[in-house]
Amino acid sequence: MNLLNSCAPVESIQVLRSLRFAWLSIVRQPARACLAILGVAAVGALLFDMLLLSRGLVLSFRDLLDRSGFDVRVLATDAPPFTGPRIADATAVTSSLAALPELEAVLQIRVRDAQIVEAAAEPAGPRARLDRVDFIGADPQVRSMWTIVQGEDLPDRPESAPVLIVNEHLARKYGITPGSELLLRGRCESLSEAVPAVRFRIVGIADFPFDSTTARTVAGTLSWAERLCAGEGQDRAEMLLVRSKPEVGAFTAAAAIRAAHPDLHVVTNDELIERFSRVEFSYFRQISAVLATVTLFFGFLLIAVLLTVSVNQRLGEIAALRALGLSRSRVSAGVLWESVMLVGAGGLLALPLGAALSVWLDAILRTLPGLPADLHFFVFEPRALYLYLLLLTVASLGAAVYPMRIVAVLPIAATLRREVVS
Amino acid sequence: MWFDRGMVTPRVWLLLATVLIAAQAPAGTTVQPPESLPGILLSRQLIESRGLRVGDVVRLSARRGGQGARPFRIEGTYEPTPDPMRFAQPRLEARLHLPDLIALTADPSDPASGDSVTAINIRLQNPSDATAFARDVSTRLPGIVARPTRAPNDRTSTFLVLERFHLAIAIVTVIGSAVFLLALMVMLVDERRATVGILRLIGFTRGRILMQVFAEGALIAVVGAAGGILFAFATQGVFNRFFQWRYDTALTFVRITPEVVWQSLLLSVPLGIAASVMASWTLLRQQLLALIRR
Numbered sequence: 001m002n003l004l005n006s007c008a009p010v011e012s013i014q015v016l017r018s019l020r021f022a023w024l025s026i027v028r029q030p031a032r033a034c035l036a037i038l039g040v041a042a043v044g045a046l047l048f049d050m051l052l053l054s055r056g057l058v059l060s061f062r063d064l065l066d067r068s069g070f071d072v073r074v075l076a077t078d079a080p081p082f083t084g085p086r087i088a089d090a091t092a093v094t095s096s097l098a099a100l101p102e103l104e105a106v107l108q109i110r111v112r113d114a115q116i117v118e119a120a121a122e123p124a125g126p127r128a129r130l131d132r133v134d135f136i137g138a139d140p141q142v143r144s145m146w147t148i149v150q151g152e153d154l155p156d157r158p159e160s161a162p163v164l165i166v167n168e169h170l171a172r173k174y175g176i177t178p179g180s181e182l183l184l185r186g187r188c189e190s191l192s193e194a195v196p197a198v199r200f201r202i203v204g205i206a207d208f209p210f211d212s213t214t215a216r217t218v219a220g221t222l223s224w225a226e227r228l229c230a231g232e233g234q235d236r237a238e239m240l241l242v243r244s245k246p247e248v249g250a251f252t253a254a255a256a257i258r259a260a261h262p263d264l265h266v267v268t269n270d271e272l273i274e275r276f277s278r279v280e281f282s283y284f285r286q287i288s289a290v291l292a293t294v295t296l297f298f299g300f301l302l303i304a305v306l307l308t309v310s311v312n313q314r315l316g317e318i319a320a321l322r323a324l325g326l327s328r329s330r331v332s333a334g335v336l337w338e339s340v341m342l343v344g345a346g347g348l349l350a351l352p353l354g355a356a357l358s359v360w361l362d363a364i365l366r367t368l369p370g371l372p373a374d375l376h377f378f379v380f381e382p383r384a385l386y387l388y389l390l391l392l393t394v395a396s397l398g399a400a401v402y403p404m405r406i407v408a409v410l411p412i413a414a415t416l417r418r419e420v421v422s
Numbered sequence: 001m002w003f004d005r006g007m008v009t010p011r012v013w014l015l016l017a018t019v020l021i022a023a024q025a026p027a028g029t030t031v032q033p034p035e036s037l038p039g040i041l042l043s044r045q046l047i048e049s050r051g052l053r054v055g056d057v058v059r060l061s062a063r064r065g066g067q068g069a070r071p072f073r074i075e076g077t078y079e080p081t082p083d084p085m086r087f088a089q090p091r092l093e094a095r096l097h098l099p100d101l102i103a104l105t106a107d108p109s110d111p112a113s114g115d116s117v118t119a120i121n122i123r124l125q126n127p128s129d130a131t132a133f134a135r136d137v138s139t140r141l142p143g144i145v146a147r148p149t150r151a152p153n154d155r156t157s158t159f160l161v162l163e164r165f166h167l168a169i170a171i172v173t174v175i176g177s178a179v180f181l182l183a184l185m186v187m188l189v190d191e192r193r194a195t196v197g198i199l200r201l202i203g204f205t206r207g208r209i210l211m212q213v214f215a216e217g218a219l220i221a222v223v224g225a226a227g228g229i230l231f232a233f234a235t236q237g238v239f240n241r242f243f244q245w246r247y248d249t250a251l252t253f254v255r256i257t258p259e260v261v262w263q264s265l266l267l268s269v270p271l272g273i274a275a276s277v278m279a280s281w282t283l284l285r286q287q288l289l290a291l292i293r294r
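Chains as they are written, first to last, in this note's numbering: chain A, 1 to 422; chain B, 1 to 294.
Calculated directly from the structure, the hints in this document are not laboratory data.
Warning: the hint list may mix true and false statements.
Examples of chain A residues toward chain B, derived with CB under 7 Å [to be verified]:
1. Leu35
2. Val279
3. Val309
4. Val359
5. Ala363
6. Ile364
7. Pro372
Backbone N, C-alpha and C define an ideal beta-carbon position, used for all residues, glycine too.
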């Protein structure tokens, strides 16, 4: 300690002494300290999770969009994809856009409703034959938005025979493997059940990024998507997916598309994310903000109460220390460090607790119907951790303000007299 | 019967994207007296966002460019039924008579488009027959989806999931607050060490002191829980008004029901009592001499 006194700056020594004072106060009441740390950990875990939730959906959704490999979407109107009218004269529009120098690829997406009539291995149950599927028609010459996990992708040459890609859920349910056959009948808007069924050969099993866990999705060529309903779609597509050239970027590509076709609605991935964040995801953003605020206030309040009660119980001891010569700042700093230690220890413990809690909460929310199976609500990003640490720091400092004031203005003589008399 | 969407909703979104406000008829068109024009209702939100009034004439088109626009007279306004699935979306809607909507949106090249609707709502004479009726309709009309309004669907599942999520959050909050409460009670009980020692010295048994602690804890827990519930009642209006303003909706976001009150009491009161008794028991277990520090 003499070496320390002689070598270290005075301020550092005072800080160390205040730290030691705080440490001694904490370890002297281990049960109380443990409970306070556990309480902070529980509250901190919830706070951390709410910070993860605040941008988790947006980050996860962006990842899904980026995985599809396309950065611009073209729709007939500003209605959400697959809910509004279709793009008329889709083939001509696709050709027109593909000629734009800013674009690398344009993929036409047509979605038709179909029904499984016969499958390789039918599942048990009276309704097995009535499974409806979403038939996605796409141009195989353009890189697809799905990822092949077994077998091959759609052939990029004109095929006379109908071939199909199925998603993993359908493959598991019907025991489908590459080479199996599936008999589909189109569920057509204006035609009766007289539409003939078409027997497709499965060439591959794929992961569709926006499929929910129970989605039944198949993909084939554009021509077979139309032939399911005898061409009733009349060259209309739900959406065009566009990939911009890397040197151009999505924003410039979107501007070029708007200039070429002002009657169409063009949206980049960033704009789509911003719209979903503002509308569809707003509930989770709001609730994460509300719960984070309430949690932080709750934690601040409880730490402040704990520290205040603790200080009030030690007034005699603090007055005695002041009488012995400890400075006001040193004793006040001890209270501050006590708050920082309790909140810091609880906050660190809260991180693994929060991670485990986020897995549980994420599992609950991912059971929402219709959500893509790969969409997550709680996604870690460094920003959330920094914000969490900043909020805890502010909370610990704020919670110590009132107890420090009690210590700072404590009348030494009157307090000592009261202790002796009582 | 299940009401999937309003008869106008899917196409009205398209229409609303192209609503053209026309205080006067454009040059070169035949001016019709407003009274002879077909009437429509606009949602309150649309009326306010466009500065329209009842009696105004607007032109609606089913195409983004406004081609084929037709004039309509605003006969009234309505408040859209709050939809919790769409609370974040602005309710810019219009209601037309079905023939007017079909005339406006039918595709001349598609003969069937003039005879198609999105959904048909049915009120049965005996509502309990809904399930059987829906099954019968589905069997007789392949390709038609018939569903009772009370049948579980995605909307029900969505709110069940959200309810589980809120319950999970509540459980974590309760655990955190219970731990803090226990910490506070341990500190407060420690202050009573001398008092408890004196009571034991004059003959009070552990059991009697524990009963006193139990009664005190129960009183504090009940008063605290009641205070919390009153606070919740007081703030639910604030929450509802804020979010109704924020999303321009009549939806109720927070509602304290008797079930919620009982759940809160059943959770908080036993926790408060348990914290008080547990904290006191650590003190009562000690030997008498240790209590009076001899």
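Cross-check of the supplied hints:
Because the closest C-beta pair between leucine 35 of chain A and chain B is about 3 Å apart, less than 7 Å, the hint holds. Annotation: interface hint on valine 279 of chain A holds; nearest CB of chain B at approximately 5 Å, less than 7 Å. With a cut of 7 Å, the hint placing valine 309 of chain A at the interface with chain B holds, because the nearest CB-to-CB distance is about 5 Å. Here the hint on valine 359 of chain A is broken, as its CB sits about 12 Å from the closest CB of chain B, past 7 Å.
Among the interface hints, the one on alanine 363 of chain A is violated; its C-beta lies about 10 Å from the nearest C-beta in chain B, farther than the 7 Å criterion. With a least beta-carbon distance of about 5 Å to chain B, the hint placing isoleucine 364 of chain A at the interface is held under the 7 Å criterion. Proximity of proline 372 of chain A to chain B is violated relative to the hint, the smallest CB-CB distance being about 15 Å (cut-off 7 Å).
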